[in-house]
Amino acid sequence: MMDYLLTGFASAFSMAVFPVLVFGVLGGVILGALPGLTATMGVAILLPFTFGMDATPALVMLIGVYIGGIYGGSIAAILLKTPGTPASAATVLDGHTMAIKGLAAKALSIAAVASFIGGLISTIVLIAVAPILADFALRFNAPEYFALALFGLTIIASVSAASIWKGLLAGTIGLLVAMVGLDPISSVPRFTFGVMDLYSGINIIPVLIGLFAISEALNQLEKMSSNQQDIPPKFDYKLLSFSDFKKILPTSVKSGLIGTSIGSVPGAGADISAFACYNEAKRVAKNPEEFGKGSMHGLAAAESGNNGVTGGSLVPLLTLGVPGDAVSAVLLGALIVQGLTPGPLLFTQNPEIVYGIFSSMIVANIVMLIIGFLGIRFFCRIIEVPKILMIPIIIFLSIIGAYAINNSMFDVGIAIFFGVLGFILNKMDVPSSPILLAIILGPMAETNLRKSLIMYEGSWSFLYDRPIALAFILFAIFSVYSTVKLKKKQRLAAEKAAI
Amino acid sequence: MKKLLKTAIISAGLIMSASSFAADYPSKNIRLIVPFGAGGGTDAVGRTLANSAKDVLGTSISVMNRTGGAGAVGMSFGAQQRPDGYTLTVVTREIASLPQMGLMQNTADDFKLIRMVNLDPAVILVPADSPFNTVNDLVAEAKKNPGKVKFASTAAPNFYLMALEQAQDIKLNAVPYNGASEAIPSVLGKHTQVTMVTPGEAIAQLRSGQLKALGVMSKERISYIPDVPTLIEQGMDVTTGTWRGIGAPKDTPDEIIEILGNAFDKAMASAQFKDFMAKGAMTIHPLKAQEFTGFVKQDEKTLSKFIK
Chain A
1 MMDYLLTGFA SAFSMAVFPV LVFGVLGGVI LGALPGLTAT MGVAILLPFT
51 FGMDATPALV MLIGVYIGGI YGGSIAAILL KTPGTPASAA TVLDGHTMAI
101 KGLAAKALSI AAVASFIGGL ISTIVLIAVA PILADFALRF NAPEYFALAL
151 FGLTIIASVS AASIWKGLLA GTIGLLVAMV GLDPISSVPR FTFGVMDLYS
201 GINIIPVLIG LFAISEALNQ LEKMSSNQQD IPPKFDYKLL SFSDFKKILP
251 TSVKSGLIGT SIGSVPGAGA DISAFACYNE AKRVAKNPEE FGKGSMHGLA
301 AAESGNNGVT GGSLVPLLTL GVPGDAVSAV LLGALIVQGL TPGPLLFTQN
351 PEIVYGIFSS MIVANIVMLI IGFLGIRFFC RIIEVPKILM IPIIIFLSII
401 GAYAINNSMF DVGIAIFFGV LGFILNKMDV PSSPILLAII LGPMAETNLR
451 KSLIMYEGSW SFLYDRPIAL AFILFAIFSV YSTVKLKKKQ RLAAEKAAI
Chain B
1001 MKKLLKTAII SAGLIMSASS FAADYPSKNI RLIVPFGAGG GTDAVGRTLA
1051 NSAKDVLGTS ISVMNRTGGA GAVGMSFGAQ QRPDGYTLTV VTREIASLPQ
1101 MGLMQNTADD FKLIRMVNLD PAVILVPADS PFNTVNDLVA EAKKNPGKVK
1151 FASTAAPNFY LMALEQAQDI KLNAVPYNGA SEAIPSVLGK HTQVTMVTPG
1201 EAIAQLRSGQ LKALGVMSKE RISYIPDVPT LIEQGMDVTT GTWRGIGAPK
1251 DTPDEIIEIL GNAFDKAMAS AQFKDFMAKG AMTIHPLKAQ EFTGFVKQDE
1301 KTLSKFIK
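So the sequences go chain by chain: A and B.
Going by our numbering, the first residue of the first sequence is number 1, and it counts up by one from there.
Going by our numbering, the first residue of the second sequence is number 1001, and it counts up by one from there.
Honestly, the hints are just simulated from the structure, not real lab data.
Warning: the hint list may mix true and false statements.
[As the list claims (entries may be wrong)] Selected chain B positions facing chain A (in silico; Cβ < 8 Å):
1. 1064
2. 1069
3. 1076
4. 1189
Owing to the predicted nature of the structure, the values given are computational and were not obtained by experimental measurement.
Even for Gly, the Cβ is constructed at its ideal location relative to N, Cα and C.
All chains should be built: construct the whole structure from the sequences, respecting the hints.
Structure representation (structure tokens):
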């Protein structure tokens, strides 16, 4: 295995591979940073160009786009409060708050380092124990997905900084939005009002663009017109210090491991992982009240958590021959076009390809770290662009992004609708992230609960006779309990302070 | 009156432009609507075919993914475009099923079908160590315990399964999954006992031996899995599968359909396209416009038996 890895490194640095790897990562970072353009789209569009390439550079380029894309999403999330992909929505919570405080450079460097740690750990775990992870992934089926989604929904409590009730209100709005479209089990149209575009449900990307990017632009616009502009923060280009690094290291490592496990389960991706890691970091934090107010730990957890998925998502592809998410579905296509058989045979028939992918992933993470650091000064300039120029640019990019995801004007309307909704909710201190979480997790919970009931012919026994499902249900109960306890403690402390 | 005149001028202009189009067609880029997401099987076939056909036509063909409603959104969108030959659509079996289920307004009649591209049968798959070795084992078990055999369904309703159920008068417990990429792990993880997908969707697991094929639902054996017997060989006259083709809005001039048909014939015969389809274990089935239209009509009839 070691010689294969070393040969892999040699090929990753060869003239045929290294340039396409750098191109892939750089392209991914740019795509990820633009709202509406996702890593999946980048990978799919590049796929036909790989038909004429050799197998290793072809796969390396696509994987580079994937790894770069997930990191790229966080740049816009931190600087502009505009997550490029749903995977970076959790990054906004603390990353953007840090940027407002003038710590943009520090936030970007933490994001780069945490993404690197998450990606690296994920790759190492993939190399070391892919078959074990595959076994874990196969144990997941409808009851486990339902329990995971249920646990995920409890995270709403911990990302609702101001009030749990307002968080629940936002979560309910999200669940309502998620109900629109064909019922996932029997294909009965729900809340579609005969509108064809609603049959497939409401696409999450335009919602994301509306809730975060457009509503933020409206917010800034209002501030500008009422002359109560934020005084631009005193900017400092300080990156993270060594002691910061030591502080975020444990959180990043743990989040990388959680991300890898979540990624290895088909159907659960970087968005869920980022929120789950954020939730876990907050749970164990010494000062959980700092989360949402610019906590380094919160940022590191979200960033390491979403990049931790990159290695994990290749587990089902390489060991079972099934794609775990949209990106690995494209990679599966790329492997097949190259005449390779994804799945366990790949390890025995084409080990040079498998280990070539592994070594390139490590190199791609290093390249991503370097691009991240080299880019910080450049990215930070974005903040210095006057608002009067920046707001139209954000709105312009948002509209283009909403259109591009599915070439649909309807989606542009959705983005604008949610932009206005987000703006209004923002005024009432209702948080946006629970809406997003509910849209991601609501359908997952519903579909899998109903699937489980079909599998068990109407019996609810799957809730307690399947160990993994039971574990997640207990996590969910514990998660609610610890949040309620924390809020109570905070309230008591506040009352004491008032006296 | 003014309005009438306006309409007349516009229609005259349109008619003239339509007729002048055919002479120098194609004079600009062609758009191919793919009703499924980038990266999926339909998308890959569409992109590769577009790539092969662009050399024949001498104009570039850009792929546009318009997803939603299991293909309904993209296909309806494609049917409603200007019939000038510059917007084509990848049509899939859903165009025969969704309108009958009331989930799509446009039907195959809203298209001029140009060519069928591929026709792939369903394969019945079980885990490698399953007690079932033939389709008859499966049918016998389903007869003994009606509604108890857990079937990982790639879509709801599942027409592959319905074809077998109706022919053999059996009932399986169909658990609906979202496509082959969810159904296959479910069978691998023994959460369900059997599934039906196309050969291309399971080629990795068939080659590695993780899954066992009980039978293929085509008239003849498939070259990619030559050892798998058909259901007909096993005494059951059941065939089913899925297909894809290319269509244009129904008022597209026949001359343009002809030009496009010839171009797609050449594209489907190109080494690049054949190689791509062979690697993905998909079967090219290049039916001409008329046969394709007849085939779709027949399939609509077949499907109507399953849709109440």
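Tested hints:
1. Residue-level restraint check for residue 1064 of chain B holds (minimum Cβ-Cβ distance to chain A is 5 Å; threshold 8 Å).
2. With a least beta-carbon distance of about 4 Å to chain A, the hint placing residue 1069 of chain B at the interface is held under the 8 Å criterion.
3. Annotation: residue 1076 of chain B was flagged as interfacial toward chain A, and the flag holds, the nearest CB pair being 6 Å apart, inside 8 Å.
4. Proximity of residue 1189 of chain B to chain A holds as hinted, the smallest CB-CB distance being about 4 Å (cut-off 8 Å).
Violated hints for the displayed structure: none, as all numbered hints are satisfied.
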